[in-house]
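In order, the protein sequence lines correspond to chains A and B.
Residue 1 is where the first sequence starts when you use the numbering used here, and the numbers rise one by one after that.
Residue 716 is where the second sequence starts when you use the numbering used here, and the numbers rise one by one after that.
No lab work stands behind these hints: they were computed from the structure.
It cannot be assumed that every hint is accurate.
Stated by the list, open to error - Chain A stretches covered by chain B per the calculated footprint, using a threshold of three residues with CB under 8 Å from any CB of chain B:
1. 615 to 627
2. 666 to 676
3. 690 to 696
4. 705 to 712
Stated by the list, open to error - Calculated pairs, DSS-like style, for lysine-lysine (alpha carbon to alpha carbon, straight line, at most 27 Å):
5. Lys631(A) <-> Lys848(B)
6. Lys363(A) <-> Lys450(A)
7. Lys621(A) <-> Lys848(B)
8. Lys621(A) <-> Lys635(A)
9. Lys627(A) <-> Lys543(A)
10. Lys785(B) <-> Lys713(A)
11. Lys185(A) <-> Lys472(A)
12. Lys173(A) <-> Lys160(A)
13. Lys627(A) <-> Lys848(B)
14. Lys688(A) <-> Lys759(B)
15. Lys113(A) <-> Lys87(A)
16. Lys543(A) <-> Lys631(A)
17. Lys185(A) <-> Lys206(A)
18. Lys848(B) <-> Lys653(A)
19. Lys848(B) <-> Lys623(A)
20. Lys206(A) <-> Lys323(A)
21. Lys538(A) <-> Lys631(A)
22. Lys527(A) <-> Lys631(A)
23. Lys450(A) <-> Lys485(A)
24. Lys450(A) <-> Lys404(A)
25. Lys206(A) <-> Lys160(A)
All of these numbers come straight from a predicted model, not from anything done at the bench.
Note that beta-carbon positions come from the ideal geometry of N, C-alpha and C, so glycine has one too.
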Amino acid sequence: MAEAAADLRPSPEPVRPAPKPVLAGVPAADPPAADTTEPAPAAAPQPTPGSGGSFIVVRDRFTIFCDRPIPSLDMPNALAFEVADRKQEGRPLYALVCKPEMPARISVMRALKGLEIPAVLHMVDWGVAEWPPVDRKCVIVIYHRPLGGRVMESMSGQFKRIPDHLFARSVIKPIADGLVELGQKGIAHRAIRPDNLYYMDEQRTKMVLGDCVTAVPGNDQPVVLETIESGSCTPSARGSGTYADDMYAFGASVLMLAIGRNPMQGVPDIEIIRRKIQTGSYGALVGDERMPVSLIECLRGMLTDDPDQRWAATNIDLWLNGKRLTPIQAKGESQAQRPFRFAEQEFHSIRPLSYAMYQHWDKASQVINDGSLEVWIRRGHELNDLADGIATAIKSTGAMAGNKADADDVIVARVLMMLDQRMPIRWRDFRVFVEGFGQALAVAMLRKQKLQPFTDFINRELWRHWVLAQTKHLPDNQQYENVFKDLKNYLRDPNSGAGIERCVYELNEWQPCMSPLIEAQYVMEVKGVLPALESVSKTANTKLWPVDRHVAAFLRARYAKGTGTQIDSMNDSRPDRATIGMLSVLAIVQRRLGPELLHGLAMWVGGLMWPVINSYQNRNKSKELEKEIPKLIRKGSLAELFIYLDNPEERQKDAEGFAWAKAEYAAAEKQIYDLEHGQMDRQDSAIKTGRQAGTVVATVIMFLTILVTLVAKLL
Amino acid sequence: MNKSRLFLYAIIAIPIGLLMIPTMIVLMVAMIPTGVAFLMERGKGYYGGLTVGAMNLAGTSPYLADLWFKGHNIPAAVGIITNVFAWMMFYGAALFGWAIYSTTPSIVSAFMTMTAGNRITGMRAQQRELVQKWGPDVESVYEPDKGANENNESSQTSTAAKMAKAAGNGKH
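Build the full structure now, drawing on both the sequences and the hints.
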């Protein structure tokens, strides 16, 4: 359904009976067609008089009703609407319309489409279609509708806890199997939480995992359901995550299902992480609650903080088959005998100190720079390598040019990386996993947030410090090196086709083009750029270039071989060459990827060709171009326009003709000068010539007189 | 002129002179203005003398013709040189010759000035056409010293300079 054709028309009269109310625990969603009093989530279109409202049809099959929202199935970054399947009437479906400010997981959608994975909500189809309420294209995902509604209405609510005896076979086993199957396809769900678990049947017996594609991985997860590391990270920068992360979230969700509520409700995120670090995740989550004895072992396994020791599906199978396993106890933190006093607290181990240092960034700088931290690590923990690393970080960063405050920030960030390697890179308020950097950048850009931390991250090579701080070699490290080296080069380049825009497209394979011109068209592929520009050509400000920084960066990232040279020429300092470069970018894309006719865009681009027309010195040629361009515009072919305007022979002819004309003008100017300033010479010449002429005249007269006299005498 | 050639001229001229004494008498009197003109214009070329001489001779020719056709003898020659009208004729013609010599440079100068004006007008029109066709960028101001330097510097390499030369020569 990618780029599915969609049409908007008045809604037909209700074609199906109103859905039955769902079961207890879930509010009676799915209002009947006539009931449109519920506020629309976005600027809902006005119902057409005499009809039931508006709708769109995708793939000539799915009718999505714009005015029939289902708030009970909304996701944090997507709104739910009713869907009717024209081929299978009565099939329970619903659509999630993604919010534009959050990138969707397109690659996961492509993998999940049509797959029926047990215990995972079945994705029927997905695509991009015009969504009238917001007057732009949106990603729309169509799912099987869970008739039993959500397992838990919200993370802050309470619900009737699931009986202990149902957990193992009805909850843990099917969902763990579903996660295994997802894992086999290389997908981490990253949205496992009690309010994203659904009952597929009205009897509320079959539990499934909900949507996981309408936001970047882990973005919507509350800190309580995330591992210590992931929870410490900015939500959009958590990266794609792993199966182990899913198991942790699943374990935390099961714990809540067993308790019947969120045990950490109302506790600030910072405190949640601090408690998890202090007592371990299991201990922090359970607290004083009474857990079913049968689940303790399983929960301990799934909530182990060390991802290498965390339970996987095999452990769960063994546990379900009755083999009692004791989770390997996490290796305890090294404890110093002498405490380290920091921010009015005493610390004996490194990890809690590291977290406290992050929370008190400015104070951290003091204890690092005065050497007390290094001494404590060296003497209290006898970790000489770590202490040496800190000393080196202080020396090498302090020696760098730049302002001291920035250098101090880098030192603190580097020391935190060394103290707790598993944690995300922390740069004051900016917390990011290297793997999640691209997604976080995309989200920040879509939300129009400040991008300074991202450029700092690249320019200050924080990623390199993080890689160097890792004691465990990761295969991705070399890849990071290559990727970030390229990103740094893009940032250094101020031209179109580079910059932070290029970075975001290079890092996010399916990121749609964010150009203000075509953002609403949700263009994910190069072949969609020209049709999108064509469609906005009537409303866009045609004084602007259609190839702006975003479009150039998008094309460069997605179609470098085809457009690289053209985009380079677009950055030429000469306006005519730059304009021709811009035209060449569009022309080559049209020639190679179509469409053949682009009348609106041709008219837009044709109107920007003044620098090219004016670059011809020959006025007659310019006038000829002015007459000819409208004819080519009417053909709708940018390639033809480009070929006509970028004719090297004509340009050569023009240049040579101009040189001749200039020379001719100069020669005439010189002659005029000579004539005007040669008065004295001319006077001398006139005297000389006049005297010669006088002599000649006198001689002629003399001969004539003699002749006449002689003739007269002789006659 | 060497002595042998002078001698040769003398050999030819003296007998002729002796044979044409009446003519020589008339000419010696009539051609005095010519001699004066040659003397006055010494160092400025011979045009003054030649012009005055030619007109002087033209004025003398009717009396010489009378002399030759009515009796080539000394009394006739003396008759001519004592005739006041003959003197008026000789000297009037010489005066006219002097007038021609004096006025033709001014006339030629005026004519040349008029021709240069027309040429300038023509070239300005040509320049206007060039500007109309190629735009104001084609314009340039001729600065004699700079232009000469530029020409010298670029004459060996610059195509434009070659073309300028060609255009100056009217080849384009």
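Evaluation of the provided hints:
no.	hint	result
1	615 to 627	holds (count 4)
2	666 to 676	holds (count 10)
3	690 to 696	holds (count 6)
4	705 to 712	holds (count 5)
5	Lys631(A) <-> Lys848(B)	holds, 24 Å
6	Lys363(A) <-> Lys450(A)	holds, 25 Å
7	Lys621(A) <-> Lys848(B)	holds, 9 Å
8	Lys621(A) <-> Lys635(A)	holds, 21 Å
9	Lys627(A) <-> Lys543(A)	holds, 20 Å
10	Lys785(B) <-> Lys713(A)	holds, 10 Å
11	Lys185(A) <-> Lys472(A)	holds, 26 Å
12	Lys173(A) <-> Lys160(A)	holds, 21 Å
13	Lys627(A) <-> Lys848(B)	holds, 17 Å
14	Lys688(A) <-> Lys759(B)	holds, 10 Å
15	Lys113(A) <-> Lys87(A)	holds, 18 Å
16	Lys543(A) <-> Lys631(A)	holds, 20 Å
17	Lys185(A) <-> Lys206(A)	holds, 23 Å
18	Lys848(B) <-> Lys653(A)	holds, 14 Å
19	Lys848(B) <-> Lys623(A)	holds, 11 Å
20	Lys206(A) <-> Lys323(A)	holds, 26 Å
21	Lys538(A) <-> Lys631(A)	holds, 19 Å
22	Lys527(A) <-> Lys631(A)	holds, 26 Å
23	Lys450(A) <-> Lys485(A)	holds, 22 Å
24	Lys450(A) <-> Lys404(A)	holds, 22 Å
25	Lys206(A) <-> Lys160(A)	holds, 16 Å
Every hint from the earlier list agrees with this structure, and none is contradicted.
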